[in-house]
Amino acid sequence: MSEETGADPAVLARVAEEFADRLDMLQDSDQVTMLARRLTELSLADLATALGLTFTEDDSAQFVTHLAIALTRINRGEVPIEPSLVAEEEIAERTREREAVTRVMGDCGRLLDRDVPESEISYMVVHLCGIVDVQSPSA
Amino acid sequence: MLPCHYTPLPKGPLMTDNKAIRVVAAGVDASLMAQLAQDAGGGRVEAAALGDMQGARLVKKGQADFYLGTCWSGGGGALAAATAILGAKQVGIVGTPGMVVTEERVRTMVGEGRIAFGFAYEQTATAIPLIIKAILAHRDAQAG
Numbered sequence: 001m002s003e004e005t006g007a008d009p010a011v012l013a014r015v016a017e018e019f020a021d022r023l024d025m026l027q028d029s030d031q032v033t034m035l036a037r038r039l040t041e042l043s044l045a046d047l048a049t050a051l052g053l054t055f056t057e058d059d060s061a062q063f064v065t066h067l068a069i070a071l072t073r074i075n076r077g078e079v080p081i082e083p084s085l086v087a088e089e090e091i092a093e094r095t096r097e098r099e100a101v102t103r104v105m106g107d108c109g110r111l112l113d114r115d116v117p118e119s120e121i122s123y124m125v126v127h128l129c130g131i132v133d134v135q136s137p138s139a
Numbered sequence: 001m002l003p004c005h006y007t008p009l010p011k012g013p014l015m016t017d018n019k020a021i022r023v024v025a026a027g028v029d030a031s032l033m034a035q036l037a038q039d040a041g042g043g044r045v046e047a048a049a050l051g052d053m054q055g056a057r058l059v060k061k062g063q064a065d066f067y068l069g070t071c072w073s074g075g076g077g078a079l080a081a082a083t084a085i086l087g088a089k090q091v092g093i094v095g096t097p098g099m100v101v102t103e104e105r106v107r108t109m110v111g112e113g114r115i116a117f118g119f120a121y122e123q124t125a126t127a128i129p130l131i132i133k134a135i136l137a138h139r140d141a142q143a144g
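Which chain is which? The protein sequence lines are W and P, in order.
Using the numbering used here, you'd call the opening residue of the first sequence number 1 and step up by one each time.
Using the numbering used here, you'd call the opening residue of the second sequence number 1 and step up by one each time.
Please keep in mind that the hints were generated in silico from the structure rather than gathered at the bench.
Do not rely on the hints blindly, as some may be mistaken.
DEER-style ranges, computed between Cβ atoms [unchecked claim]:
(1) W:Ala10 / P:His138: 36 to 42 Å
(2) P:Gly42 / W:Thr102: 44 to 50 Å
(3) P:Ala125 / W:Ala92: 17 to 23 Å
(4) W:Gly106 / P:Lys19: 50 to 56 Å
(5) P:Val100 / W:Glu88: 17 to 23 Å
(6) P:Val100 / W:Gly106: 30 to 36 Å
A virtual CB, placed ideally from N, CA and C, is assigned to each residue, including glycine.
Based on the provided sequences and hints, a complete structural model is requested.
Next up, the structure:
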């Protein structure tokens, strides 16, 4: 996922520009670390390419905010968020999205030198699935 | 299809009735949140579904009175924009999947003067009536 391993530079640049205001706001208010911000941008670029998505402020703002806050929580070594049975039920069948997020978070975990907890991955997946559903041709 | 906040959002400030308590709702299924807030207000609440940054900025500018935010966890994106724009002392998490929303916690936060409240999406139906009830009670007490 890293810059070295091939996030598409054009997709990465588009993602960074699309969410610059949001990520500036979160970083300026010390809710998001610089490393978490960069990992958020790289993760979005990777997921966009892997799943054929185009993340925009209109349909992906919540996911981006969640991702940045979650990666910061992990970066700072804070207590993982509690799991949600409701969220788990919603994504029980969403193996494609879970595999993509798990792979990307594996890369993030190595760069953060921490494992990304399953509960954090589940919340990322449920946000991501909302976007996949909206952008699917049958939506 | 999973619930999400990706409904078309109205453009521009909606908060027009100076007598009503003006609430902005942002997050997962924001339209439902706004509807629940309006229903709970019994004619005393005007609510609109907005993006989180837009909603928090309306509150900051005094064009809305309260901000309600959800995300799936209650601790991620629910109040991130409100915290950045309004400040940490103005916001409060009233519930997460591991923390039940209680009337006492909501009343305390409203009494402290907090104006933005966050909770997990799955708590929407219970949290919003409690928050609106506490806000109205606080307003009535202040009015004497």
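Comparing the hints with the structure gives:
1. W:Ala10 / P:His138: 36 to 42 Å: Since W:Ala10 and P:His138 have Cβ atoms about 51 Å apart, the given range 36 to 42 Å is violated.
2. P:Gly42 / W:Thr102: 44 to 50 Å: holds, 46 Å
3. P:Ala125 / W:Ala92: 17 to 23 Å: holds, 22 Å
4. W:Gly106 / P:Lys19: 50 to 56 Å: Cβ of W:Gly106 to Cβ of P:Lys19: about 54 Å, so the range 50 to 56 Å holds.
5. P:Val100 / W:Glu88: 17 to 23 Å: This hint holds: roughly 18 Å between Cβ atoms.
6. P:Val100 / W:Gly106: 30 to 36 Å: holds, 34 Å
Going down the numbered hints, you'll see the structure goes against just number 1.
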